[in-house]
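Residue numbers (this note's numbering), protein chains in the order written: chain A, 43 to 356; chain B, 262 to 496; chain C, 6 to 558.
Hints in this document: simulated from the structure, not taken from any laboratory. Check before you lean on any hint, since a few could be wrong.
As the list claims (entries may be wrong) - Below, computed lysine-lysine pairings styled on DSSO-like, alpha-carbon distance capped at 27 Å:
#	chain 1	residue 1	chain 2	residue 2
1	B	K304	B	K411
2	A	K315	A	K292
3	A	K315	A	K341
4	A	K94	C	K441
5	A	K150	B	K411
6	A	K233	C	K555
7	A	K233	A	K300
8	A	K150	A	K94
9	A	K176	C	K467
10	C	K467	A	K150
11	A	K227	C	K441
12	C	K467	A	K233
13	A	K315	A	K300
14	A	K300	A	K273
15	C	K555	A	K227
16	C	K555	A	K94
17	C	K511	A	K173
18	A	K129	C	K24
19	C	K467	A	K216
As the list claims (entries may be wrong) - Residues of chain A clear of chain C, computed beta-carbon distances all greater than 12 Å:
#	residue
20	G96
21	M102
22	V136
23	A141
24	M142
25	Q145
26	N152
27	K176
28	E254
29	K259
30	M262
31	H279
32	D282
33	N302
34	Y313
35	H343
Glycine included, every Cβ here is placed at the ideal spot set by N, Cα and C.
The residues making up each chain are set out below.
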Amino acid sequence: MEWLTRIMMPPQGSVYAGEVDTVYMALFWLSVVLFLGIVIPAFWFAWRYRYKPGRVTPHMTHNTTLEIVWSVAPLLLCVGIFFWGLKGWMEYSVAPGEAMEVQITARKWNWAFEYPDGSRDAGTLHVPVNKPVKFIMTSEDVIHDFFVPDMRVKHDIIPGRYTEVWFTPTVLGKHNITCAEYCGKGHSDMKGTVIVESDADFQNYLATGGTEWEDYKNNMPAWGKIQWERKGCNSCHTLDGTKSKGPSWKGIWNKMEKMNDGSLVLVDEAYIKESENMPQAKIVEGFQPIMPTFQGLIKPHEFEGIVALIKSLQ
Amino acid sequence: MSTTSVDLPSHGGHGDGHGAHGLDNPHHQHHFTTMEQQFDTAKLGMWLFLATEILLFGGLFVGFGLMQQRYPREFVEAHTHLVRWQGSLNTIILLISSFTMVMGVQAAKTNKQARSALYLVLTILCACAFLVVKYFEYAHKFEEGWLPGKFYHATGDSIPGSHGYATFFAFYFMMTGLHGIHILAGIGLLSWILMRTRKGEFSHTYYTPVDLVGLYWHIVDLIWIYLFPLYYLIQ
Amino acid sequence: MDYQVLTMGAKTGSLPRPKKNYLNESHGFMSWAGTLDHKRIGIMYLVGVMTAFLLGGCFALLVRLTLLTPTHMLFGSKTPILTAEQYNRVFTLHGAIMVFLFIIPAIPASLGNFVLPLMLGAKDVAFPRLNLASFYLWLTGAAMAIGAMVLGAVDTGWTFYTPYSTTTDGPVTLMTSAVFVLGFSSIFTGLNFIATVHKLRAPGMGWFDLPLFIWGIYSTALIQVLATPVLGITLVLLMLERGFGIGIFDPRIGGDPVLFQHFFWFYSHPAVYIMILPGMAIISELIPTFSHKTIFGYRAIAYSSVSLALVSFIVWGHHMFVAGQSQLATVVFSALTFLVAIPSGVKVFNWLCTMYEGNISLETPMCYAISFLVLFTIGGLTGIFLGTLSTDVHLTDTYFVVAHFHFVMMGGTVTAFLGGLHYWWPKMTGRMYSEKWGRTACVLYTIGFNMTFLTQFFLGSKGMPRRYYNYLDQFQPLHAFSTVGSWVLGLSLFMTLAYLLASLRKPMDAPDNPWGGTTLEWQCSSPPIMHNFEEQPVVARDPYDYRPVKVKI
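Using the sequences plus the hints, can you model the full thing?
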């Protein structure tokens with residue numbers, strides 16, 4: 043009966059998908075049996091007891107035993123089905139503790155994914171095969187719904203709240219993501235792709251920090267400004283020259299800055315790199331050594347962007 | 262009934278020996294067998310309508326409760342802006358009006374139509390007094406900027422910027438406003454049966470409209486009995 | 006003393022009919038517009054809901070036509086049939102018109118209005134003025150909905166989910182006001198019917214002598230009265246959220262969009278039973294009448310109607326399994342949802358037992374009843390897939406749901422409505438329609454329906470989400486098949502309209518009891534006189550007693 047499952051359901055992309063399909067197929071066959079059990083007698087009676095003028099029909103008013111049987115039997119059946127469905131639901135709703143967490147931000151009409159290391163991507167989701175992934179989802183505007191048919195999971199994404207869903211992909215390759223909650227004009231175009239890849243490929247992907255930055259290849263300062271906001275640089279460094287908890291980035295490029303030990307340092311790529319990785323090494327005069335290290339948190343292209351941003355602030 | 266064929270000329274409605282059973286009661290509608298059946302049916306219909314009224318307000322009570330859980334501190338603080346003596350005064354006014362209404366129905370039932378009219382007038386006066394107090398309450402809220410939703414512009418809240426205050430006053434205005442609309446409708450209905458009483462249309466054999474408006478008026482009071490502690494007392 | 010044995014269920018006529026009936030008692034526009042007669046109000050409602058059905062149906066055909074090809078274009082045309090925005094508006098209108106203007110009032114307010122007092126042996130409903138008011142409220146609501154359409158139409162879907170509905174452009178407030186008004190029209194109808202059933206039964210008619218149609222309509226009326234006010238207040242809150250920003254549903258100002266869904270489905274799930282219970286009620290009339298046999302399990306069917314009405318109030322959360330309600334709530338609602346299966350099953354099994362050893366004549370209404378059995382069974386069984394938690398996660402918000410509720414709402418309610426319409430048509434109009442065309446249309450309807458909607462189960466289980474304008478190419482064959490099905494379905498309905506209207510041009514030829522029914526409405530003339538019965542009927546037998554009786558000569 044494999045072929046029948048394949049006709050009715052999408053390809054299976056996870057172990058869970060197989061379990062859902064088992065329940066689905068069981069219900070399918072149950073329905074076929076019950077349907078025939080109702081419709082065949084109906085047609086048979088309509089033929090067998092077709093109208094003959096003057097025939098007197100028996101006066102059968104009720105049969106309490108029968109009524110009880112056909113109330114209790116379906117009830118027991120339903121209880122069974124309920125618990126079977128509940129079993130799958132428990133699995134669906136509780137993610138394993140070791141699951142990797144990916145943040146999803148949905149908006150009209152696209153998807154943004156953020157990985158634990160801060161890498162981001164829009165529209166394409168990379169996940170390692172055979173490892174559970176948990177999605178923490180929120181929306182920027184209206185309700186959306188993260189639906190991956192091949193994984194048999196979906197969940198609404200609600201503005202102002204975080205909702206969760208998870209799966210363990212088992213099949214390498216591409217799987218569709220669709221929005222399953224009506225969200226307006228672009229609802230049906232709100233698509234994405236899950237790329238399930240080997241662990242090594244996934245690590246390579248993470249190392250590049252996602253593909254989002256490619257949109258900014260020709261405008262690196264803008265990319266830098268996005269990092270300035272996302273990485274939290276903006277809480278201490280201004281871009282307009284006003285003094286905050288840290289020195290402003292305006293007009294410092296290629297200048298000699300005075301440190302609190304009296305030395306002068308040229309602000310160039312090497313100095314910015316050092317400040318990012320070992321912020322306590324050199325402290326500009328008049329500031330406290332309060333900056334945390336960003337070692338390993340900033341990808342090369344992000345760093346390029348930040349440098350380009352500082353360069354542009356003359 | 263436009264289609265009726267059993268309507269006979271009025272006999273004055275009473276004293277003709279078979280009272281409520283009389284097919285010749287001018288208010289008897291053709292599709293009822295007896296006046297009692299007609300009266301019971303009307304009353305059942307009114308009760309069903311009142312059930313829908315309770316459910317209508319019920320939705321708002323549920324909404325209020327949920328929002329109160331979301332903004333417990335803001336709701337308690339906003340409560341203090343309501344003037345308790347004004348709410349209490351209105352409660353007393355409505356309780357008195359319920360009493361006069363009962364007396365009005367009773368008088369109509371026992372054929373004392375002049376007294377019934379007097380009680381109806383008193384009830385209407387109470388309703389108007391209620392609205393006057395309400396006017397001063399609302400005016401005060403408008404002055405202070407305690408307005409619903411995006412119109413809220415009061416200052417001096419202890420949690421500045423919280424939307425809880427605006428939500429509280431949205432519910433305050435929705436619930437008391439919807440209740441106020443019911444009071445207004447009540448005044449209309451009371452005036453209508455007052456006019457009919459003055460014309461001598463009611464008697465002990467036919468006072469259904471008085472009875473039904475009475476039921477309606479009690480429900481309007483009852484809803485206030487729930488609104489009053491919810492807004493003015495519980496903090 | 007001599008006796009004559011009368012076979013119950015014989016088709017009887019009483020020609021020559023009385024000269025005056027409710028149709029020719031008075032003439033002119035005002036004699037209809039100002040009428041307090043339940044029969045005339047029922048006919049006006051019938052014309053109204055059929056017009057709404059036609060409009061909603063045309064929108065449905067338009068939606069299906071747009072989905073015929075992935076490019077939404079026909080015959081090499083360069084412009085799509087509908088753009089994405091237009092598509093969203095059209096499916097919203099289809100849903101809103103079908104739900105609020107057509108299917109909720111369809112059976113109770115039109116057929117129910119006409120038949121209920123007749124079945125009770127009453128002269129009218131309890132509150133004739135309220136009845137007329139209900140119709141005018143319906144008309145007002147319809148006018149407002151059409152006004153909203155003309156002003157650009159809303160694109161929220163018929164469910165008005167927040168925060169989409171609080172932020173989108175368009176006359177959302179006017180549309181929701183229309184639904185609010187329609188809600189009160191529905192409340193008034195329900196209230197009237199409850200009072201009528203309680204107080205206006207013929208002498209001798211106890212609660213368990215009521216025809217099962219009445220039990221169904223009574224249960225429906227309970228829901229109309231108890232659930233609709235909540236919808237009313239929900240829509241008021243929605244309008245105020247748009248207008249004043251009160252902060253209850255819109256998360257940007259601290260509201261909770263899921264709360265709206267709870268409020269909405271607290272009404273709209275019981276509303277599903279406002280739609281289906283009258284359908285089941287009609288089938289409970291058709292099957293004994295055309296089997297010429299007493300109904301099997303009268304009390305079981307009656308109780309199942311009332312218990313469905315009660316259960317309908319505690320299952321609303323099954324619309325929200327993946328919508329962010331608490332997991333405990335989801336589990337509880339799933340368990341409760343399975344309760345629906347039991348009374349539904351009880352009805353179906355009792356209907357089958359009624360047919361067993363019957364004397365079944367397959368006239369058009371019975372054809373629809375059998376069609377109902379087929380379609381409703383599919384609708385009910387696919388409901389199990391959606392009540393079961395693990396499969397629901399995959400199937401919800403897909404075409405599977407679309408197919409499921411069309412099988413229940415259209416395959417169930419509309420099929421029963423058509424059955425009832427054909428059943429009581431002779432009573433309402435005094436004329437018989439063409440049996441040949443009637444049966445043909447019914448067969449065509451069933452085929453077209455299955456082509457259109459059975460297909461959509463497969464679309465849904467394959468992962469095609471609902472309310473989609475664009476779709477993946479892999480779905481095209483199924484979409485195309487479904488669209489062709491919609492043409493067959495449309496054809497059968499236009500055919501029905503044509504032969505029913507054609508029958509009106511004939512002289513009155515319907516006997517008083519063309520089918521051999523035993524309930525009271527067959528004891529008055531076709532069409533009935535203004536006050537329904539020449540003499541007040543008195544009930545001495547069970548409503549579906551087909552045993553022969555001895556009558557003194």
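To see whether the hints hold, each was checked on the structure:
Straight-line distance between C-alpha atoms of K304/B and K411/B comes to about 43 Å, which puts the hinted pair past the 27 Å bound. Using a Cα cut-off of 27 Å, the hinted pair K315/A and K292/A holds, with the two alpha carbons roughly 17 Å apart. For a cut-off of 27 Å, the pair hint linking K315/A to K341/A stands: about 11 Å separates their Cα positions. Between the alpha carbons of K94/A and K441/C the distance comes to roughly 19 Å, so the proposed pair stays at or under 27 Å and holds.
In summary, the hint linking K150/A to K411/B is supported, as the alpha carbons are separated by about 25 Å, within the 27 Å threshold. For the suggested pair K233/A and K555/C, the alpha carbons sit about 74 Å apart, so the restraint of at most 27 Å is broken. A distance of roughly 52 Å separates the Cα atoms of K233/A and K300/A; the hinted pair therefore is violated under the 27 Å criterion. For a cut-off of 27 Å, the pair hint linking K150/A to K94/A is broken: about 65 Å separates their Cα positions.
For a cut-off of 27 Å, the pair hint linking K176/A to K467/C stands: about 24 Å separates their Cα positions. Between the alpha carbons of K467/C and K150/A the distance comes to roughly 24 Å, so the proposed pair stays at or under 27 Å and holds. Restraint check for K227/A and K441/C: not satisfied, since their Cα atoms lie roughly 46 Å apart, outside the 27 Å limit. Between K467/C and K233/A the CA atoms are separated by roughly 16 Å; this keeps the pair inside 27 Å, and the hint holds.
With a CA separation close to 18 Å, the supplied pair K315/A and K300/A stays within the 27 Å bound. Restraint check: the Cα-Cα separation between K300/A and K273/A comes to about 26 Å, which is no more than 27 Å; the hinted pair holds. A threshold of 27 Å between alpha carbons decides the hint, and for K555/C with K227/A the separation of about 70 Å lies outside it, so the pair is violated. The hinted pair formed by K555/C and K94/A meets the criterion: a straight-line CA distance of about 21 Å does not exceed 27 Å.
Restraint check: the Cα-Cα separation between K511/C and K173/A comes to about 74 Å, which exceeds 27 Å; the hinted pair is violated. At most 27 Å may separate the alpha-carbon atoms for a hinted pair to count; K129/A and K24/C exceed this at roughly 69 Å. For the hint linking K467/C to K216/A, the alpha-carbon distance of about 16 Å falls within 27 Å, and the restraint holds. Against the 12 Å criterion, G96/A falls within the reach of chain C, whose nearest CB is about 7 Å from its own CB.
At roughly 6 Å from the closest C-beta of chain C, the C-beta of M102/A falls inside 12 Å, breaking its exclusion from the interface. A beta-carbon of chain C is positioned within 12 Å of the beta-carbon of V136/A; the least distance is around 9 Å. With a closest Cβ-Cβ approach of about 17 Å to chain C, A141/A is found to remain outside the 12 Å limit, as its non-interface label requires. M142/A, annotated as away from the interface, keeps every beta carbon of chain C farther than 12 Å; the closest lies near 21 Å.
The Cβ of Q145/A lies farther than 12 Å from every Cβ of chain C, with a closest approach of about 17 Å, so its non-interface assignment holds. Every beta carbon of chain C lies more than 12 Å from that of N152/A, the smallest distance being close to 15 Å; the non-interface claim holds. K176/A, annotated as away from the interface, keeps every beta carbon of chain C farther than 12 Å; the closest lies near 15 Å. Distance to chain C confirms E254/A as a non-interface residue, since its nearest Cβ pair spans about 24 Å, more than 12 Å.
For K259/A, the shortest C-beta to C-beta distance to chain C comes to about 29 Å, beyond the 12 Å cut-off, and the non-interface label holds. At the 12 Å boundary, the C-beta of M262/A stays outside the reach of chain C, the nearest C-beta of that chain being 33 Å off. The Cβ of H279/A sits about 30 Å from the closest Cβ of chain C, beyond the 12 Å cut-off, so the non-interface label holds. Here D282/A stays apart from chain C, with its beta-carbon at least about 29 Å from theirs, past the 12 Å limit.
Even its closest Cβ contact with chain C, about 45 Å, leaves N302/A beyond 12 Å, as expected for a residue assigned away from the interface. Residue-level check passed: Y313/A sits 43 Å from the nearest beta carbon of chain C, beyond 12 Å. At the 12 Å boundary, the C-beta of H343/A stays outside the reach of chain C, the nearest C-beta of that chain being 33 Å off.
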